[in-house]
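Novice: From first to last, the protein sequence lines are chains A and B. Mapped onto numbering that gives the first Met the number 0, the consecutive letters of the first sequence carry residue numbers 0 to 291. Mapped onto numbering that gives the first Met the number 0, the consecutive letters of the second sequence carry residue numbers 0 to 348.
What the hints contain is simulated information worked out from the structure, not anything from laboratory work. Worth double-checking, as some hints may not be accurate.
Lysine-lysine pairs mimicking DSS-like chemistry, simulated, CA-CA at most 25 angstroms apart [as the list claims (entries may be wrong)]: (1) 14/B - 340/B; (2) 340/B - 87/A; (3) 112/A - 282/B.
Covered stretches of chain A, going by a simulated chain B footprint (3 or more residues, C-beta under 8 angstroms) [stated by the list, open to error]: (4) 1 to 9; (5) 72 to 78; (6) 171 to 182; (7) 192 to 206.
Source: prediction; values computed, not measured. In this text, a Cβ means the ideal position worked out from N, Cα and C, and glycines have one as well.
The lines below spell out each chain.
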Amino acid sequence: MNFFFDLIIGGLSIGACYALVALAMVIIYKTSEVPNFAQGEMAMVSTFVAYTLISGYGVDFWTAAATTMFFAFLLGVVLEVAFLRPAKDPTVLGLIVITLGAEMILYGLAGWKWGANQNPFPVPFSEYAGYSILGITVTEINLWTFVISLVVMLLLFFFFTFTKLGTAMKAVQQNQFAAKAMGIPTRRILSLTWGLSSVTGAVAGMLVAPIATLDPNMMLDPMLKGFAGAVLGGMTSLPGAAFGGYILGLIENFFGGYVSLSFKSVVAFAVIVVILCVKPSGLFVRHFERKV
Amino acid sequence: MDMKRDYYEDIQLCKSKAVLVGTLFLLLSLAVVPFFVGDYGLYLINLMAIHAIVAIGLNILVGYTGQISLGHAGFFAIGAYSCVLLMAKAGIPFIVALPASGFISAIFGLLLGLPSLRLEGPYLAIATLGFGMAVTQVISHWDYAGGHMGIEAPKMSIGPLVIQTGAQQYMVIMTVTVILAIAAIKLMKTRVGRAFVAIRDSEFAAEAVGINISLFKTLSFAVSAFYTGIGGALMAFALEHVSTGTFNLVLSITFLAMVIVGGLGSVMGSILGAVLLTYLQIKLQVIQEAPFIGPALLSLSNKYFTPEGLANIQSIVFGLIMIAIVIFEPLGMNGIYLRCKRYWKMWPF
Numbered sequence: 000m001n002f003f004f005d006l007i008i009g010g011l012s013i014g015a016c017y018a019l020v021a022l023a024m025v026i027i028y029k030t031s032e033v034p035n036f037a038q039g040e041m042a043m044v045s046t047f048v049a050y051t052l053i054s055g056y057g058v059d060f061w062t063a064a065a066t067t068m069f070f071a072f073l074l075g076v077v078l079e080v081a082f083l084r085p086a087k088d089p090t091v092l093g094l095i096v097i098t099l100g101a102e103m104i105l106y107g108l109a110g111w112k113w114g115a116n117q118n119p120f121p122v123p124f125s126e127y128a129g130y131s132i133l134g135i136t137v138t139e140i141n142l143w144t145f146v147i148s149l150v151v152m153l154l155l156f157f158f159f160t161f162t163k164l165g166t167a168m169k170a171v172q173q174n175q176f177a178a179k180a181m182g183i184p185t186r187r188i189l190s191l192t193w194g195l196s197s198v199t200g201a202v203a204g205m206l207v208a209p210i211a212t213l214d215p216n217m218m219l220d221p222m223l224k225g226f227a228g229a230v231l232g233g234m235t236s237l238p239g240a241a242f243g244g245y246i247l248g249l250i251e252n253f254f255g256g257y258v259s260l261s262f263k264s265v266v267a268f269a270v271i272v273v274i275l276c277v278k279p280s281g282l283f284v285r286h287f288e289r290k291v
Numbered sequence: 000m001d002m003k004r005d006y007y008e009d010i011q012l013c014k015s016k017a018v019l020v021g022t023l024f025l026l027l028s029l030a031v032v033p034f035f036v037g038d039y040g041l042y043l044i045n046l047m048a049i050h051a052i053v054a055i056g057l058n059i060l061v062g063y064t065g066q067i068s069l070g071h072a073g074f075f076a077i078g079a080y081s082c083v084l085l086m087a088k089a090g091i092p093f094i095v096a097l098p099a100s101g102f103i104s105a106i107f108g109l110l111l112g113l114p115s116l117r118l119e120g121p122y123l124a125i126a127t128l129g130f131g132m133a134v135t136q137v138i139s140h141w142d143y144a145g146g147h148m149g150i151e152a153p154k155m156s157i158g159p160l161v162i163q164t165g166a167q168q169y170m171v172i173m174t175v176t177v178i179l180a181i182a183a184i185k186l187m188k189t190r191v192g193r194a195f196v197a198i199r200d201s202e203f204a205a206e207a208v209g210i211n212i213s214l215f216k217t218l219s220f221a222v223s224a225f226y227t228g229i230g231g232a233l234m235a236f237a238l239e240h241v242s243t244g245t246f247n248l249v250l251s252i253t254f255l256a257m258v259i260v261g262g263l264g265s266v267m268g269s270i271l272g273a274v275l276l277t278y279l280q281i282k283l284q285v286i287q288e289a290p291f292i293g294p295a296l297l298s299l300s301n302k303y304f305t306p307e308g309l310a311n312i313q314s315i316v317f318g319l320i321m322i323a324i325v326i327f328e329p330l331g332m333n334g335i336y337l338r339c340k341r342y343w344k345m346w347p348f
């Protein structure tokens with residue numbers, strides 16, 4: 000029975016990372032219909048910045064994390080302004096190619112700057128010490144990953160519900176032209192959306208880094224799983240994306256624990272292909288048939 | 000001018016005598032290449048030809064039918080492994096195993112085509128991407144196929160003739176490439192090809208004129224997978240060894256980049272894109288040996304970056320090219336060619 004609960008805790012912990020990546024993707028997809036394949040690499044580069052600040056310059060963890068989030072925000076804005084904005088009426092394929100190109104650029108830059116070495120990412124939480132609740136051990140890092148992801152989700156929820164900027168973002172995603180007519184600077188809002196999404200991704204990156212090791216390939220798997228989680232919940236639903244991320248983490252961990260460890264990372268994709276065949280727009284979004 | 004007066008003029012392969020003579024001249028010059036180029040040069044040309052096959056296949060799916068695939072490395076792997084396994088374990092001769100591996104790949108293409116009937120845009124991208132990842136994962140855990148270590152490719156042979164030298168290998172690969180390229184051009188002029196284009200331009204309109212969408216979408220996946228499978232099989236012989244490490248996501252992205260750079264919906268464009276990007280890929284990996292740029296980049300790396308990571312410049316350049324093409328020239332090199340052609344036709348007006 001303990002094994003069962005261990006699997007749940009591990010699954011929720013990694014699922015929290017997937018959920019954050021999924022949220023980051025959905026934030027962008029909702030406003031601009033861009034499936035952002037560069038999300039993982041944006042988070043990876045941000046995490047590398049945090050790593051350099053901590054081990055290279057001796058900054059303490061929380062200051063470094065705050066600086067990294069600021070950097071991530073700038074990175075998101077710069078990518079939108081430099082690569083997405085100049086494209087005139089791009090097709091879905093064009094958008095995918097642009098973000099894939101951005102992904103390759105960031106991946107190449109990280110590989111060039113930091114090499115392919117695997118670096119340990121120092122965090123103030125222990126990977127082994129933990130709390131015992133009713134005989135189930137929860138390691139500090141699992142607990143904190145889960146708590147931080149929940150906090151970020153709550154913050155995002157409050158941001159989108161109660162702030163003017165959040166409301167403006169929702170307006171842009173619902174109807175760009177109407178939003179423009181109402182005096183919302185849609186282009187600036189789009190850039191800010193990229194910044195916000197990049198910050199969310201950077202938090203995910205800093206949570207993944209202690210579990211995995213920090214190298215340019217670190218975010219590849221979480222990014223794909225996060226994307227899969229977002230697709231599972233429906234690309235346009237924030238709660239759906241978070242739910243999809245957690246579910247995917249749990250499914251993966253249970254499959255790894257009870258069936259086969261070596262096919263652990265494949266099962267997630269098998270699940271989403273099956274689910275998409277039944278519900279082509281994900282679990283939480285009503286399927287939208289395009290009119291002629 | 001480009002005026003077509005009847006149907007047969009529309010479907011004929013060579014529009015005029017000049018084009019026919021030019022094509023024959025091109026084929027002849029391809030045939031004499033091994034007399035002038037060394038073994039390494041031939042190896043490079045082989046890689047280009049194989050990538051051209053894959054790019055044509057992917058273009059049939061992406062450029063002509065308007066679908067998205069980020070999983071073509073999976074078909075590439077299926078083609079490579081099935082050809083090698085058929086020859087090494089089942090003892091089937093090369094001349095049978097090569098098309099067989101294409102058909103095995105096509106069957107998987109049909110399977111992947113089925114979910115594509117209901118998916119589009121990012122949903123299709125993630126489904127195909129998942130397929131590509133799954134194929135490599137499964138093969139690398141499959142002990143019969145050598146697992147992580149991969150498997151040695153046997154020598155190609157046609158009847159009693161065993162392919163030994165680089166020149167012979169070149170002839171085999173180039174023959175297959177030319178046949179497949181002409182087949183693709185021809186296919187796009189038939190009913191099937193026009194159905195693909197109709198689906199790309201408007202699914203509803205295509206359905207309204209009586210095109211069976213489900214059939215032709217899955218067929219497009221199958222044809223594309225067939226080409227990619229053949230390319231993978233030939234790649235196994237060019238590299239003399241297959242292992243799953245080669246068939247990763249970056250390879251799928253590179254294939255897509257070839258199609259984008261060459262131009263969507265153009266067979267010649269795909270070939271050009273494949274040649275250009277393969278050349279860049281090989282040359283950028285050893286950029287430190289390039290004159291002028293190499294030493295400058297090396298000193299830059301020593302100062303601000305890591306020198307051993309310099310080869311990563313290849314992904315940066317590829318990424319920049321992909322973005323630049325989408326922003327400035329969405330039709331790729333084919334678009335540039337079309338614009339030049341139109342300009343000269345009207346010249347001097």
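Novice: Look at each hint and say if it fits the structure.
Specialist: So, going through the hints one by one against the coordinates:
1. 14/B - 340/B: holds (15 angstroms)
2. 340/B - 87/A: holds (24 angstroms)
3. 112/A - 282/B: holds (20 angstroms)
4. 1 to 9: violated (count 0)
5. 72 to 78: With 0 residues close enough to chain B, the hint is violated.
6. 171 to 182: Contact hint for the region 171 to 182 of chain A vs chain B: violated, 0 residues under 8 angstroms.
7. 192 to 206: Since three or more residues must qualify, the claim that chain B covers the region 192 to 206 of chain A is violated, with 0 doing so at under 8 angstroms.
Checked against the numbered hints above, the structure breaks hints 4, 5, 6, 7 and satisfies the rest.
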